[in-house]
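Q: Residue-level listing of the chains:
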Amino acid sequence: MPDATGLELIAQRVRDELGDDAVVGTAYYRDQATLEASPARVHDVLAFIKNHPEEPFEFLSSLHGCDYLPDAPRLGVHYELLSMTRAERLRVKTRVGVDEAHVPTVTDLWPGANFQEREVWDMFGVEFGDHPDHRRILMPEDYEGHPQRRDFPIGGEPVIFTFNENEMPRWYE
Amino acid sequence: MEVTRQKLDNLRIQQVTAQRMLKGDVPDEELEQYVEERLLFTTLEKAQNWARANAVWPATFGLACCAIEMISVIGSPRNDLARFGAEVSRASPRQADMLILSGRVSIKMAPVIRRLYDQMLEPKWVISMGACASSAGMFNNYALVAGADRFLPIDVYIPGCPPRPEALMYGIIKLQKKILDQPDLGWRERYKAQGTEERA
Amino acid sequence: MSSQEGKNPLAVPYREREQSITMESLGNGQGEGQAPVYGTELERDSELFTINIGPHHPATHGVLRLLVTLEGEYVHELTPLIGYVHTGIEKSCEDQSYWKVIPFVERMDYLSYYFNAMAFCTAVERLLELEVPERAQYLRVIHMELNRISSHLFWMATSILDFGAISFLWWGIRDREMTLDLFEMSSGQRMHPRYFQVGGVMEDIPPGWEQKCREFLARMPSRIDQYEAVLDKNEIFLHRTRNVGVVSKERLLALGVTGPLLRAAGHPWDLRKAMPYSSYEHFDFKVPVGTVGDHYDRYQVRIAEMRESLKIIEQALDGLPEGRYITDNRKIALPPRHELATSMEALIHHFKLVTEGFRVPPGEAYSAVESPRGELGCFVVADGSAKPARVHMRDPSFVNLQSLKDMSEGTLIADLIASVAMLDPILGGIDR
Chain A
8 MPDATGLELI AQRVRDELGD DAVVGTAYYR DQATLEASPA RVHDVLAFIK NHPEEPFEFL
68 SSLHGCDYLP DAPRLGVHYE LLSMTRAERL RVKTRVGVDE AHVPTVTDLW PGANFQEREV
128 WDMFGVEFGD HPDHRRILMP EDYEGHPQRR DFPIGGEPVI FTFNENEMPR WYE
Chain B
603 MEVTRQKLDN LRIQQVTAQR MLKGDVPDEE LEQYVEERLL FTTLEKAQNW ARANAVWPAT
663 FGLACCAIEM ISVIGSPRND LARFGAEVSR ASPRQADMLI LSGRVSIKMA PVIRRLYDQM
723 LEPKWVISMG ACASSAGMFN NYALVAGADR FLPIDVYIPG CPPRPEALMY GIIKLQKKIL
783 DQPDLGWRER YKAQGTEERA
Chain C
75 MSSQEGKNPL AVPYREREQS ITMESLGNGQ GEGQAPVYGT ELERDSELFT INIGPHHPAT
135 HGVLRLLVTL EGEYVHELTP LIGYVHTGIE KSCEDQSYWK VIPFVERMDY LSYYFNAMAF
195 CTAVERLLEL EVPERAQYLR VIHMELNRIS SHLFWMATSI LDFGAISFLW WGIRDREMTL
255 DLFEMSSGQR MHPRYFQVGG VMEDIPPGWE QKCREFLARM PSRIDQYEAV LDKNEIFLHR
315 TRNVGVVSKE RLLALGVTGP LLRAAGHPWD LRKAMPYSSY EHFDFKVPVG TVGDHYDRYQ
375 VRIAEMRESL KIIEQALDGL PEGRYITDNR KIALPPRHEL ATSMEALIHH FKLVTEGFRV
435 PPGEAYSAVE SPRGELGCFV VADGSAKPAR VHMRDPSFVN LQSLKDMSEG TLIADLIASV
495 AMLDPILGGI DR
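These protein sequence lines map, in sequence, to chains A, B and C.
Heads up: the first sequence is residues 8 to 180, going by this note's numbering.
Heads up: the second sequence is residues 603 to 802, going by this note's numbering.
Heads up: the third sequence is residues 75 to 506, going by this note's numbering.
Careful, some of the hints might be misleading.
Pairs of lysine-lysine, DSS-like flavour, derived with a Cα cap of 30 Å [claimed, not checked]: (1) 461(C) x 405(C); (2) 286(C) x 360(C); (3) 347(C) x 286(C); (4) 174(C) x 385(C); (5) 57(A) x 323(C); (6) 57(A) x 347(C); (7) 479(C) x 57(A); (8) 307(C) x 385(C); (9) 323(C) x 307(C).
To give an idea of the chain A side of the interface with chain C (calculated C-beta under 8 Å), a few residues [to be verified]: (10) 35; (11) 37; (12) 66; (13) 67; (14) 71; (15) 94; (16) 117; (17) 118; (18) 146; (19) 148; (20) 151; (21) 168.
Honestly, the hints are just simulated from the structure, not real lab data.
Every residue, glycine too, gets a C-beta built ideally from N, C-alpha and C.
Can you build the whole structure from these sequences, using the hints too?
A: Encoded structure:
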């Protein structure tokens with residue numbers, strides 16, 4: 008992993024190249040480096056980090072979302088990057104709110120982000136502009152709601168014990 | 603002449619009838635009925651059920667982890683299902699007798715399973731293998747149908763997560779006993795589900 | 075291709091597309107079990123014919139649905155549709171305490187259950203900055219490598235069955251039963267044994283386990299030799315796999331593919347060697363790498379990986395250190411039963427751990443292991459309570475499935491079946 012100073016170096020490089028508004032913050036926790044980018048510029052940040060001449064992170068390990076309720080902005084999209092030549096990982100994340108959940112797509116940089124961005128849309132409702140196939144992937148396509156948000160109920164059916172078996176509605180009623 | 607099937611498990615009735623026959627007190631029609639019941643229908647039905655029970659062909663239908671244990675039963679030399687009559691597992695539901703629902707039934711898959719079940723020909727049976735197919739299992743959430751018995755009539759439930767191959771074999775043997783005892787009338791009569799036919 | 079105005083099957087609305095699997099009749103005289111509506115429309119319009127493979131199909135790879143547009147026998151376009159076994163595991167995990175998450179997460183990629191648990195446990199251990207004792211690390215390595223062998227055997231059993239060699243189904247499952255016996259002996263359950271815990275393993279291996287494991291290690295190499303003797307120079311197998319399904323390693327890297335698929339294409343990336351975890355650096359083993367990247371290389375890579383796993387297990391058994399099998403941090407791992415009778419703190423710890431669970435300070439961590447299918451990662455967000463705020467499993471099959479389009483577009487449909495087999499998809503992991 009890039010250590011704390013390495014992370015700051017990367018962040019400074021990104022700020023120099025793309026302006027101060029691209030990087031929102033950095034975090035170094037338990038030997039893992041996280042770079043937080045602003046949602047509108049995240050595509051440029053990732054392209055810069057991917058194609059950097061000296062320290063590129065050319066492999067996208069994972070693209071996933073997270074709901075940070077009750078923190079705002081609520082929805083986060085995480086990009087786990089890996090450099091195979093130096094065996095280092097870097098996490099880039101952006102946070103968007105529920106109302107303006109638009110993040111540029113990275114399928115032009117990594118075609119493997121296709122399914123993963125569809126999953127983030129399906130589960131969290133983050134729209135990825137210009138995604139070639141913006142459909143639900145795991146739930147039925149006409150499903151309403153985004154299940155993995157924290158305020159979506161977990162669903163399922165109530166468990167019937169002897170103390171509540173007379174009050175619980177059965178499925179055949 | 604209508605012959606009804608009687609459960610002559612009352613020993614007293616059998617004894618009295620036998621005594622009357624020896625005395626010659628049984629009239630002709632009753633004697634004929636007695637003979638027909640025993641020789642023709644009862645034996646034929648039992649033979650038919652015995653044949654059906656010992657040649658139940660499962661449809662290859664595996665959903666999730668329980669499918670691995672099911673393949674372990676169908677395909678393994680250690681726990682071999684063919685010795686119980688399930689010689690081949692047919693891929694096409696039209697040729698299969700039994701559907702072993704092995705694995706979690708999600709809401710997207712439920713209409714597909716129902717479609718498969720409707721394509722199977724009578725007589726057909728369903729075994730719900732594992733906890734996820736019988737109830738929701740441990741996944742009591744938005745994505746699963748809590749138990750396949752919400753849309754399918756199920757004959758045998760096998761608990762376990764996943765059930766051991768021996769447990770699946772025990773379930774299949776129980777199903778065979780059920781077929782032997784209960785002559786098959788088609789699942790709508792068996793489960794009193796008249797009125798569930800599709801609209802034409 | 076003749077006319078490009080053939081309708082894109084995905085342009086049809088969802089419910090109408092799924093109409094072959096609803097209860098209503100199609101209205102135009104077609105009954106149950108007929109071809110889907112869009113297939114016949116396309117046939118009239120152009121030369122392209124769309125068929126639907128799955129979700130129920132004779133190949134034993136799970137409920138994968140493929141919409142294949144064919145031109146004669148050649149695959150023109152392919153769209154995988156997934157989600158038929160989506161179980162909401164990640165959402166359910168947010169509702170459970172950390173050690174209760176382990177059974178949920180194990181059932182995700184249901185052939186490599188130890189790897190799922192390992193990814194989650196290492197992520198939580200990283201958040202807690204917990205040190206795992208060395209005996210536990212070695213036991214974890216042994217079980218993971220046994221699981222790798224059993225997963226590859228099952229892959230071999232079902233995939234070579236797809237090629238038509240039906241005996242491999244019996245042979246692969248017969249040998250897999252030996253590993254399942256070992257798992258049952260160490261933890262009590264054949265599949266999904268909840269053996270890996272945060273901080274170590276649940277229980278030490280019983281006496282006699284090591285001997286049985288060595289018996290297995292003695293028997294396996296000759297069995298692998300027998301499988302190779304049947305397939306390596308078999309003309310049918312060579313025709314079906316040589317130079318079929320070649321995807322360049324740059325394309326695979328862009329798609330995010332890892333594991334035997336990437337190694338068969340010539341890129342030697344293995345997390346066990348590159349970023350070692352759980353004392354893999356103590357063992358001497360090789361990583362098989364292919365050259366061309368066709369199906370034959372993928373098959374060879376997996377068979378060779380089985381042999382290397384046998385070597386790792388032997389070295390681990392020889393060097394198994396004495397010590398604890400789980401961390402002695404009583405706030406995280408349960409105290410041994412005999413202490414509950416004598417020590418009050420042990421009782422309180424046990425009570426707190428069982429009812430509430432241990433708390434993890436807030437933070438995020440991502441940790442990856444090398445599963446039989448590729449990089450299996452786990453991302454855990456902790457918020458200070460006893461339940462995780464987010465658990466995401468980065469499943470290798472989910473990302474590897476995107477390479478199916480590249481492998482099979484432009485090839486024959488028989489090669490499509492071979493590609494699905496060699497891709498080794500596990501739908502539980504894809505759909506989670």
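Q: Next, verify each hint and record whether it holds.
A: Status of each hint after checking the structure:
1. 461(C) x 405(C): holds, 15 Å
2. 286(C) x 360(C): holds, 25 Å
3. 347(C) x 286(C): holds, 28 Å
4. 174(C) x 385(C): violated, 33 Å
5. 57(A) x 323(C): Roughly 17 Å separates the two Cα atoms, so the pair holds.
6. 57(A) x 347(C): holds, 23 Å
7. 479(C) x 57(A): holds, 25 Å
8. 307(C) x 385(C): holds, 25 Å
9. 323(C) x 307(C): holds, 26 Å
10. 35: Residue 35(A) check fails; min Cβ-Cβ to chain C is 11 Å, beyond 8 Å.
11. 37: Holds, because the Cβ-Cβ distance from residue 37(A) to chain C comes to roughly 5 Å (cut-off 8 Å).
12. 66: Given a least distance of 6 Å, the restraint on residue 66(A) holds.
13. 67: holds, 5 Å
14. 71: Holds, because the Cβ-Cβ distance from residue 71(A) to chain C comes to roughly 4 Å (cut-off 8 Å).
15. 94: holds, 5 Å
16. 117: The hint holds - residue 117(A) has a Cβ within 8 Å of chain C, the shortest such distance being about 6 Å.
17. 118: Nearest chain C Cβ about 5 Å off; hint holds.
18. 146: At 6 Å from the nearest chain C Cβ, residue 146(A) passes the 8 Å test, so the hint holds.
19. 148: holds, 4 Å
20. 151: violated, 13 Å
21. 168: violated, 18 Å
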